[in-house]
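S.K.: Whole structure, please, built from the sequences with the hints as guidance.
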Amino acid sequence: MSKKSNKKLHIICLAVFTVLLCAAVWLLGRITEPKYMSGVLEGAMTQEYYNEENSHDVIFVGDCEVYENFSPVTMWEEHGITSYIRGSAQQLIWQSYYLLEEVFERESPKVVVYNVQSMKYDAPQSEAYNRMTLDGMPLSKHKLDAIKASMTENEDMISYLIPFLRYHSRWSELTDEDFEYAFRRDSVTIAGYLMRADVEPMTKLPTAPVLDDYTIGDTCWEYLDKMQKLCDANGATLILIKSPSLWPHWYDQWDEQISDYAAEHGLDYINLLDVSDDIGIDMQTDTYDAGLHLNIYGAEKLSRYFADILAGRYGVPDRSEDETIAADWENKCNAYYELLAAQNAELEEYGYLKSWTLGDEK
Amino acid sequence: MLFTSYGFIAFLAVLFVLYYLIPKRFQWLLLLAADIVFYACAGWKGLCFMAATVVVSWAATNLMGASLAKQKSFLKSDEGKTLERAERKAYKKQCEKHRKVIFVLALVADLGILAALKYTNFLITNVNALFSADIAAVDWVLPLGISFYTFQTVSYVIDVYWEKVEPEKNILRVALFTSFFPLLIQGPISRFGDLKDTLFAEHKADFKQISFGLQRILWGYFKKLVIADRLLAAVTALCGDPLTYTGAYVFIGAVLYAAELYADFTGGIDITIGVAQVLGIKVKENFIRPYFSRNIAEYWRRWHISMGTWFKDYIFYPLSVAPWLLKLSKSARKKISDGFGRKLSVYVSTIVTWFLTGLWHGAAWNFVVWGLLNAFFILLAEEFKPVSQRFRAKHERLVSGFGYRVFETLRTFLLMCSLRVLDCYRDVAVSFRALGTVFTDFNWGEVFSGALLQLGLTSADYLIAAVGVVIMFAVSCIQEKHGSVREVLWEKPVLCYAVFFVLAVAVLTFGAYGVGYDATQFIYNQF
Numbered sequence: 573m574s575k576k577s578n579k580k581l582h583i584i585c586l587a588v589f590t591v592l593l594c595a596a597v598w599l600l601g602r603i604t605e606p607k608y609m610s611g612v613l614e615g616a617m618t619q620e621y622y623n624e625e626n627s628h629d630v631i632f633v634g635d636c637e638v639y640e641n642f643s644p645v646t647m648w649e650e651h652g653i654t655s656y657i658r659g660s661a662q663q664l665i666w667q668s669y670y671l672l673e674e675v676f677e678r679e680s681p682k683v684v685v686y687n688v689q690s691m692k693y694d695a696p697q698s699e700a701y702n703r704m705t706l707d708g709m710p711l712s713k714h715k716l717d718a719i720k721a722s723m724t725e726n727e728d729m730i731s732y733l734i735p736f737l738r739y740h741s742r743w744s745e746l747t748d749e750d751f752e753y754a755f756r757r758d759s760v761t762i763a764g765y766l767m768r769a770d771v772e773p774m775t776k777l778p779t780a781p782v783l784d785d786y787t788i789g790d791t792c793w794e795y796l797d798k799m800q801k802l803c804d805a806n807g808a809t810l811i812l813i814k815s816p817s818l819w820p821h822w823y824d825q826w827d828e829q830i831s832d833y834a835a836e837h838g839l840d841y842i843n844l845l846d847v848s849d850d851i852g853i854d855m856q857t858d859t860y861d862a863g864l865h866l867n868i869y870g871a872e873k874l875s876r877y878f879a880d881i882l883a884g885r886y887g888v889p890d891r892s893e894d895e896t897i898a899a900d901w902e903n904k905c906n907a908y909y910e911l912l913a914a915q916n917a918e919l920e921e922y923g924y925l926k927s928w929t930l931g932d933e934k
Numbered sequence: 004m005l006f007t008s009y010g011f012i013a014f015l016a017v018l019f020v021l022y023y024l025i026p027k028r029f030q031w032l033l034l035l036a037a038d039i040v041f042y043a044c045a046g047w048k049g050l051c052f053m054a055a056t057v058v059v060s061w062a063a064t065n066l067m068g069a070s071l072a073k074q075k076s077f078l079k080s081d082e083g084k085t086l087e088r089a090e091r092k093a094y095k096k097q098c099e100k101h102r103k104v105i106f107v108l109a110l111v112a113d114l115g116i117l118a119a120l121k122y123t124n125f126l127i128t129n130v131n132a133l134f135s136a137d138i139a140a141v142d143w144v145l146p147l148g149i150s151f152y153t154f155q156t157v158s159y160v161i162d163v164y165w166e167k168v169e170p171e172k173n174i175l176r177v178a179l180f181t182s183f184f185p186l187l188i189q190g191p192i193s194r195f196g197d198l199k200d201t202l203f204a205e206h207k208a209d210f211k212q213i214s215f216g217l218q219r220i221l222w223g224y225f226k227k228l229v230i231a232d233r234l235l236a237a238v239t240a241l242c243g244d245p246l247t248y249t250g251a252y253v254f255i256g257a258v259l260y261a262a263e264l265y266a267d268f269t270g271g272i273d274i275t276i277g278v279a280q281v282l283g284i285k286v287k288e289n290f291i292r293p294y295f296s297r298n299i300a301e302y303w304r305r306w307h308i309s310m311g312t313w314f315k316d317y318i319f320y321p322l323s324v325a326p327w328l329l330k331l332s333k334s335a336r337k338k339i340s341d342g343f344g345r346k347l348s349v350y351v352s353t354i355v356t357w358f359l360t361g362l363w364h365g366a367a368w369n370f371v372v373w374g375l376l377n378a379f380f381i382l383l384a385e386e387f388k389p390v391s392q393r394f395r396a397k398h399e400r401l402v403s404g405f406g407y408r409v410f411e412t413l414r415t416f417l418l419m420c421s422l423r424v425l426d427c428y429r430d431v432a433v434s435f436r437a438l439g440t441v442f443t444d445f446n447w448g449e450v451f452s453g454a455l456l457q458l459g460l461t462s463a464d465y466l467i468a469a470v471g472v473v474i475m476f477a478v479s480c481i482q483e484k485h486g487s488v489r490e491v492l493w494e495k496p497v498l499c500y501a502v503f504f505v506l507a508v509a510v511l512t513f514g515a516y517g518v519g520y521d522a523t524q525f526i527y528n529q530f
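Each protein sequence line maps, in turn, to chains A and B.
Under our numbering, the first residue of the first sequence is numbered 573, with each subsequent residue one higher.
Under our numbering, the first residue of the second sequence is numbered 4, with each subsequent residue one higher.
Among the hints, a few may not be true.
[To be verified] Derived DSS-like pairs: lysine-lysine, alpha-carbon spacing no greater than 30 Å straight-line: (1) B:484 <-> B:388; (2) B:484 <-> B:287; (3) A:713 <-> A:801; (4) A:579 <-> B:484; (5) B:315 <-> A:580; (6) B:121 <-> B:315; (7) A:580 <-> B:27; (8) B:207 <-> A:579; (9) B:330 <-> B:315; (10) B:484 <-> B:315; (11) A:692 <-> A:801; (12) A:579 <-> B:285; (13) B:346 <-> A:580; (14) B:27 <-> A:579; (15) B:199 <-> B:75; (16) B:121 <-> B:388; (17) A:713 <-> A:579; (18) B:199 <-> B:121; (19) A:715 <-> A:776; (20) A:801 <-> A:776; (21) A:579 <-> B:337; (22) A:579 <-> B:315; (23) B:285 <-> A:580; (24) B:211 <-> A:579; (25) A:580 <-> B:495; (26) B:337 <-> B:388.
[What the hints assert, rightly or not] What the simulated footprint calls covered on chain A by chain B, stretch by stretch (three residues with Cβ under 8 Å from a Cβ of chain B suffice, anywhere in the stretch; the number is not a length): (27) 593-606; (28) 715-728; (29) 733-742.
In short, the hints are calculated from the structure, not lab data.
All C-beta atoms in this analysis are idealised placements derived from N, C-alpha and C, irrespective of residue type, glycine included.
M.R.: See below:
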């Protein structure tokens, strides 16, 4: 082979090499990234939002205290309210903010509900939780900003952009699930609500530890300011809530600071812990983990109560007459009751939820 | 900036592109800027010490050069004129003395920085132990790669003093030679004479050289990330608990460490040489498949060659012909025996060279003992040479056979593994005790009944590391037989890119990098 044609062949091979390597990295990334289709389902929640066909009048953002405690299906059934929960595990306020930025690019909700529990964290906390919130976001400026704000010391931006660089070490623990869900996912929530039908009564409320400092951090306030401005700019009303979970403890000092902020900035702050009795929450029957999160029975009670507020005080419209939307929500309702039936069947068979947990028998 | 960090890869990508985009006459200046950025990432204090070394070396070499030029020009202009022969000789001697003063001052300054920063605490520890003193240890910064760049600079100063190279007038070029970033982490310790032409030259992009460079970098990452960093957990566990891991564990630990160290060090050198090659700069090889050596002397001609030749050229040879040692040798020939006197200078030089080699590796007694043991075995082999030669002559057929070659290779490998135990445990007494248990604790059954899986590696990890070692061994065999593997592959482009595709996917998949793996510096960076 002549020197010239050899060089030509080298250049062609190099081009093919580059393309194939990129394809391999993409493909291997799809296979190795965690699918969250069983056990820990929370990691699959963020990306489900992008499958929504119709817009929503109410968007919830926040941590587990929103996606476990509010049922959009109940709010739909009660008042025809279309809502979606953009919640994720230990969602930090800056993540809520960037998820909201993304929401306003796609739709125009009238009300945004933010659960203030996560304002106890003023700095990035955990890579695992970051991943569960951020990996599901499509590449955008919002995602990049969210990653920058969320990264812990040992993390790097590039592994968020090329997931294989993060998950390559899972090669030895791949299961059938990783291959089955490499290019598709099942829904794990109904409009962002992660259902749990099991019950674990609260026996004893843990004693709240005394903290060194109860001051809510500057970063949190900064993002709360930004969140309000974002809502204002998009014509949405921001409501601050504290979900009625009894634990982790919500301190009076925190509550006071949030109340003061809300009063100062003309925001509504509803501490639902104060109205737990009015809502009718019974921590003997309405929680699946002894007071941390509500189960479906508690969530339905809370959602009925909150739907009244949304419809009454904030004038969130009833969309049940809109055929397209109604059809969509009918599907959601069906899925909701099918899921409930499936969970009840498992509870009856095993005494605990086998498919929706890591399999720990209570 | 770790060689295995994303930051370093991004840094290289930007540098490679800029290097071939800018006018060629500025390429070396860009490299200097890159060195400063690279070095500053490790801390600006280190940069100050390196700058001091550069200034001292540049000033000293130029003063020596000026003195030599003045001497030559004066003597030339005076040829056959006013001065007598004796006066000319005296003038020359005076100039030489002047240069010697500059030379010694430069060495004291360059080596003084290294000695002060690296060995002060070692000195304090020993003084405290010897005199029951209580001198507090110092907390001084140890600049990145100080042992490497100091030795490189010292070799330059010596070479100028010995008139082997011309002094470089441009201080920025001296700075580039001292700080060339690929060499900073773990060498090779390059000589000014070898590097200057290639380092300061203008380079145009050469497709083959760039490809070869990138392939070499990839191969380096394979060794470092797939083999060395994967084995790290097991080696750390075994060496970290010498009371629990005795007997067979020590043997396995030493063998695993041999694989880890080789993959780590040669992997780093592959990255170094590959980076330089992409930049069009030729750096000398530092390893020639050392584990194929049949005796310890050969091993040291193949392992960390640049360090070995440095000590040979600048310590061993000058020492073995030093007037005081020759005098001592002569006296020993007369007073003791001819044979002893003849060997004395070589023996003393060998022992001193290896003592310093050990000390260069680390400011600790384990390194010193390691160095001295190397000297011991090298001299022992030298003593037994006549016996060995007689045996070889008598059993020519046996010693030329494959089996005997394997025996010699294995013997050398195991000997080097045994000596390296001192490096594993970093404590002389613990090392010897651990080594002793290999012959007293026969716990092989326990080791292979699942205990190896308690060392931080799964069976999949061992499998990957084993496959990696087999590949590394196979490549070494091909190199030993056919020379450069890349040259062989270059003639078959499809196969070439297929091989490197598999290698790249293997590095990305099985490499110990990213979250969950502690980013590890190269082992030789500690020295």
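S.K.: Going straight from one Cα to the other, do residue 713 (chain A) and residue 579 (chain A) come out at no more than 30 Å?
M.R.: It is violated: about 41 Å lies between the C-alpha atoms, which goes past 30 Å.
S.K.: Between the alpha carbons of residue 121 (chain B) and residue 315 (chain B), is the straight-line distance 30 Å or under?
M.R.: holds (22 Å)
S.K.: Given the proposed pairing of residue 579 (chain A) with residue 484 (chain B), does the C-alpha separation stay at or below 30 Å?
M.R.: holds (26 Å)
S.K.: For the pair supplied as a hint, residue 580 (chain A) and residue 27 (chain B), confirm whether the alpha-carbon distance does not exceed 30 Å.
M.R.: holds (26 Å)
S.K.: Against the 30 Å threshold, does the CA-CA distance of residue 330 (chain B) and residue 315 (chain B) hold or violate the hint?
M.R.: It holds: about 21 Å lies between the C-alpha atoms, which stays within 30 Å.
S.K.: Are at least 3 residues of the region 733-742 of chain A within less than 8 Å of chain B when you compare beta carbons?
M.R.: holds (count 5)
S.K.: Does residue 199 (chain B) pair with residue 121 (chain B) here, judged by a C-alpha cut-off of 30 Å?
M.R.: Cα-Cα ~28 Å, so holds.
S.K.: Keeping to a limit of 30 Å between CA atoms, is the pair of residue 199 (chain B) and residue 75 (chain B) held or broken?
M.R.: holds (24 Å)
S.K.: Check whether the Cα positions of residue 484 (chain B) and residue 388 (chain B) lie no farther apart than 30 Å.
M.R.: holds (28 Å)
S.K.: Within 30 Å, alpha carbon to alpha carbon, are residue 579 (chain A) and residue 315 (chain B)?
M.R.: Distance ~43 Å between residue 579 (chain A) and residue 315 (chain B) Cα, so the pair is violated.
S.K.: Would the pair residue 27 (chain B) and residue 579 (chain A) pass a check requiring their Cα atoms to be no farther apart than 30 Å?
M.R.: holds (24 Å)
S.K.: Measure nothing beyond the straight line between the CA atoms of residue 692 (chain A) and residue 801 (chain A); if it is 30 Å or shorter, mark the hint as holding.
M.R.: Satisfied, since the Cα-Cα distance of roughly 21 Å is no more than 30 Å.
When each numbered hint is compared with the structure, violations occur for hints 5, 13, 16, 17, 19, 20, 21, 22.
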